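2 protein chains.
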Amino acid sequence: MPAKGVLVAVTADVVIAGGGVIGTAIAWRAAAAGLDVVLADPAHGDAASLVAAGMLAPVSEALFGEGALLRVNLLALARFPSFAAELEQVTGHRVGLRREGTLAVAYDAGDYAALTRLTAFRRSAGLEAEELDSRACRKLESFLTPDVHGGVLFPGDWSVDNRRYVAALREAAASAGVRVVRDRVTAVLTAGGADGADGAGGADARVRGVALAEGGEIGSGRVVVAAGSWSGAVRGLPAGLRSAVRPVKGQLLRLRHPDGMPPVLTHTIRATVRGADVYLVPRADGEVIVGATQEERGPDLTVTAGAVHDLLHDAMSVLPVTSELILAETCAGLRPGTPDNGPIVGEAGPGAPGGLLLATGHYRNGILMSAATADASVACLTGRAPAPEWEPFGPGRFLTGEGAR
Amino acid sequence: MPAKGVLVAVTADVVIAGGGVIGTAIAWRAAAAGLDVVLADPAHGDAASLVAAGMLAPVSEALFGEGALLRVNLLALARFPSFAAELEQVTGHRVGLRREGTLAVAYDAGDYAALTRLTAFRRSAGLEAEELDSRACRKLESFLTPDVHGGVLFPGDWSVDNRRYVAALREAAASAGVRVVRDRVTAVLTAGGADGADGAGGADARVRGVALAEGGEIGSGRVVVAAGSWSGAVRGLPAGLRSAVRPVKGQLLRLRHPDGMPPVLTHTIRATVRGADVYLVPRADGEVIVGATQEERGPDLTVTAGAVHDLLHDAMSVLPVTSELILAETCAGLRPGTPDNGPIVGEAGPGAPGGLLLATGHYRNGILMSAATADASVACLTGRAPAPEWEPFGPGRFLTGEGAR
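Protein chains in written order, with numbering that gives the first Met the number 0: chain A, 0 to 404; chain B, 0 to 404.
Hints in this document: simulated from the structure, not taken from any laboratory. Errors might be hidden in some of the hints.
[Unchecked claim] Label pairs and their in silico Cβ distance ranges:
#: 1; chain 1: B; residue 1: Ala112; chain 2: A; residue 2: Gly297; range: 44 to 54 angstroms
#: 2; chain 1: A; residue 1: Glu65; chain 2: B; residue 2: Asp146; range: 34 to 44 angstroms
#: 3; chain 1: A; residue 1: Arg93; chain 2: B; residue 2: Ala84; range: 55 to 65 angstroms
#: 4; chain 1: A; residue 1: Val302; chain 2: B; residue 2: Ala212; range: 29 to 39 angstroms
#: 5; chain 1: B; residue 1: Ser141; chain 2: A; residue 2: Glu328; range: 26 to 36 angstroms
#: 6; chain 1: B; residue 1: Ala113; chain 2: A; residue 2: Val302; range: 33 to 43 angstroms
#: 7; chain 1: A; residue 1: Glu213; chain 2: B; residue 2: Gly297; range: 47 to 57 angstroms
#: 8; chain 1: B; residue 1: Asn340; chain 2: A; residue 2: Pro257; range: 25 to 35 angstroms
#: 9; chain 1: A; residue 1: Glu323; chain 2: B; residue 2: Glu213; range: 34 to 44 angstroms
#: 10; chain 1: B; residue 1: Pro319; chain 2: A; residue 2: Gly297; range: 15 to 25 angstroms
[Stated by the list, open to error] Now the stretches of chain B that chain A is said to cover, found in silico as 3 or more residues with beta-carbon under 8 angstroms:
#: 11; segment: 314 to 326
#: 12; segment: 369 to 383
[Unchecked claim] Not close to chain B: a few residues of chain A, all C-beta gaps over 10 angstroms, as computed:
#: 13; residue: Gly66
#: 14; residue: Arg93
#: 15; residue: Tyr106
#: 16; residue: Ala314
#: 17; residue: Ser322
#: 18; residue: Ala384
#: 19; residue: Gly395
Given the structure is predicted, the values throughout are model-derived calculations rather than measurements. C-beta atoms are modelled at their ideal positions from N, C-alpha and C, and glycine is treated no differently.
Isolated chain A, as found in the complex (with noise of 0.2 angstroms):
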């Protein structure tokens, strides 16, 4: 912690510790709401979400007892275009929003009953979904191979071009006056109570600020935590909202096509190739992103031989033609993921200090969520109520038993 009587040199209605996808969007809307934001993040534009495939996928992402979680991902798909409308025309930029939705494939008559019972509950969740076989499959997308037993086309899935659309978030939060400060928040400074190491403060304390690696501190008396895997190194969180989120590794592919080549692919496509799922998302500019791996490896963000020959592996399983297109980039990135799957999104609630608010744990859905959590956010800081979707996604669930601490 840097020492009590540092000086404090900015303050802000609200800081937002962490500059992804899920901080940015916030800030945007909250300077857009009228508050002063200061924006925190070492590495502002290089975070998880430029790794992403930017599906906007709450159906074919969504599994049996996850409905909670589906109807959240559903309030967000639906915000998603307006929100995405209003970037495009705060900032002038395109962010590659697709709707030819994503064609799910089965490569025998096993995973093609996984796929049909997958299919009836989403429909039984009021979810568009089409049942094709391998001949219609391949009509939709030429280039599948001729293995793939039949498919299902979910036309709800959308995707965004993640890159563009973080950018463009960026700006959008420049233009409407959020301040940025490129050092990374250590630790939740709290009045009214203790500030130690682990402490979360007493019941009775507030929030006043946040101190930072570089030795200062930030002045507020909201705070949002946003910071993704991250989430966990900020002290002054209670415990049991720091061990919620872990680092689960992805590490996905970005193919280009060749100069002259026509586009390969038009929908989204989803496979199971050996028990690994496998997508491949094309882009309006003639990208082809192909993801992604889940590894719980920790903070380690190295590209492994195995995993890019997995990924390609499984991609020229789905689609041969794969094999043609210029291996453009590889990377990795750390979603944060949670126990029970879920966002953490709201105010950290009894036990936590005071105007203290977590935004973070989207684990695959960040950009998806992006809009929706802004909106909720926003709600919290303006003292209105989030969308009712939002009340099983509470810090509170993980903070059992901390109240008295």
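Add chain B to chain A, keeping to what the hints say.
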């Protein structure tokens, strides 16, 4: 061609067109021999030699019917250590010479029989080789796949860190007084004959310098064309020489050990996987090079998904632990191939302009042959005869019938 009468701003005893490993080695030795040398290259230090694996492998590269090539490769190998030692002494930098040898492995009895026949041929040429069974192979390299059927150790095959080596050559050349012009040689200029766009001058013509892409000229009575796969783009060369060199694309991978992992490899490994040759070359600094494709695609430098997949697949087949290494870099280079796989080194000869030398077409062996090529070129430049091993590799073999043009 630049207009006649353009200002000749630079003059030299020798102009070398091309700053890859060959051009730079010649430049260093020519300057060390007292000549005033200008080296012209728009991207000095960004050539095929940086993409190479740095194998010094005259033995495992030698094929039936290439006896003359084997002899010049052996000359080159014999010369390499003293050349490298002088380079290290002059620059103070290590170039990473390794002398562990190459272990060629076979996966089945058929592969092994082919390897044995090749070994007999190499022994008949006086080369050392040691047959090893599967267990002995794995004793030498403990991470080798248990599927290996047997192998042959070629202790005469060494390797060098090509990037360190080329960087040291550049530094040595600069220290010896070589001047670098960052521009592309578009034409060899002659006097006493026609300077037509495709003309090689008359039989009486002599070199008077070179024309540069940005419009200047360098005046010089000796020109060495060492432009690798781009040699054919230099106007003023006899047509037979211009068409003799073609680019052969090679893609390779640079892998790295993660922190704390002990080296997975000591020897260079070669194998044939699904009919394709793959090699893994360990570096003292923890890098492992995996190569290489051989593609006839013209001057295409893209890295393709299919090639990276195949290289990773083949490397993991030979050495499964490869999957745990970091994929640090994927790259593509253009080898200067010739119709008979041999280099083109020496005076351009009868029918070509006097004073014109070639040192190109080194195909897969540019690093290996660099020292001996520098010796041969400097011999020509100073009026001495190159070693007799070079005799079959003069430019004259591609000039048939052009004498009278």
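Hints and how they fare:
1. Range check, Ala112 of chain B to Gly297 of chain A: about 48 angstroms between beta-carbon atoms, so the 44 to 54 angstroms window is met.
2. Between Glu65 of chain A and Asp146 of chain B, the C-beta spacing of about 43 angstroms keeps the proposed range 34 to 44 angstroms intact.
3. One distance hint, 55 to 65 angstroms for the beta-carbon pair Arg93 of chain A and Ala84 of chain B, holds here, with the actual separation near 59 angstroms.
4. Between Val302 of chain A and Ala212 of chain B the beta carbons are some 37 angstroms apart, a value that agrees with the proposed interval 29 to 39 angstroms.
5. Hint check: Ser141 of chain B to Glu328 of chain A, Cβ distance near 34 angstroms, so the stated range 26 to 36 angstroms holds.
6. In this structure the hint that Ala113 of chain B and Val302 of chain A lie 33 to 43 angstroms apart at CB holds, the actual value being about 36 angstroms.
7. As the Cβ distance of Glu213 of chain A to Gly297 of chain B is approximately 52 angstroms, the hint placing it in 47 to 57 angstroms holds.
8. At about 28 angstroms, the CB distance of Asn340 of chain B to Pro257 of chain A agrees with the hint of 25 to 35 angstroms.
9. Remark: the range hint 34 to 44 angstroms for Glu323 of chain A to Glu213 of chain B is upheld by a beta-carbon distance near 36 angstroms.
10. Under the hint 15 to 25 angstroms, the C-beta atoms of Pro319 of chain B and Gly297 of chain A, about 24 angstroms apart, fit the expected range.
11. Against chain A, the segment 314 to 326 of chain B contributes 8 residues with a C-beta closer than 8 angstroms to a partner C-beta. That satisfies the three-residue criterion, and the hint holds.
12. Under a criterion of three residues with beta carbons nearer than 8 angstroms to beta carbons of chain A, the stated coverage of the segment 369 to 383 of chain B fails, only 0 such residues being counted.
13. In this structure Gly66 of chain A is separated from chain B by more than 10 angstroms, as the shortest Cβ-Cβ distance comes to about 38 angstroms.
14. At roughly 26 angstroms from the closest C-beta of chain B, the C-beta of Arg93 of chain A stays outside 10 angstroms, upholding its exclusion from the interface.
15. For Tyr106 of chain A, the condition that its CB be more than 10 angstroms from all CB atoms of chain B holds, with the nearest at approximately 19 angstroms.
16. Once the 10 angstroms rule is applied to beta carbons, Ala314 of chain A is inconsistent with being away from chain B; the minimum gap is 7 angstroms.
17. With a least beta-carbon separation of about 3 angstroms from chain B, Ser322 of chain A fails to lie farther than 10 angstroms from that chain, contradicting its non-interface assignment.
18. At roughly 47 angstroms, the least C-beta separation between Ala384 of chain A and chain B is larger than 10 angstroms, which holds for a residue marked as non-interface.
19. At the 10 angstroms boundary, the C-beta of Gly395 of chain A stays outside the reach of chain B, the nearest C-beta of that chain being 39 angstroms off.
Consistency note: the structure conflicts with the earlier hints numbered 12, 16 and 17.
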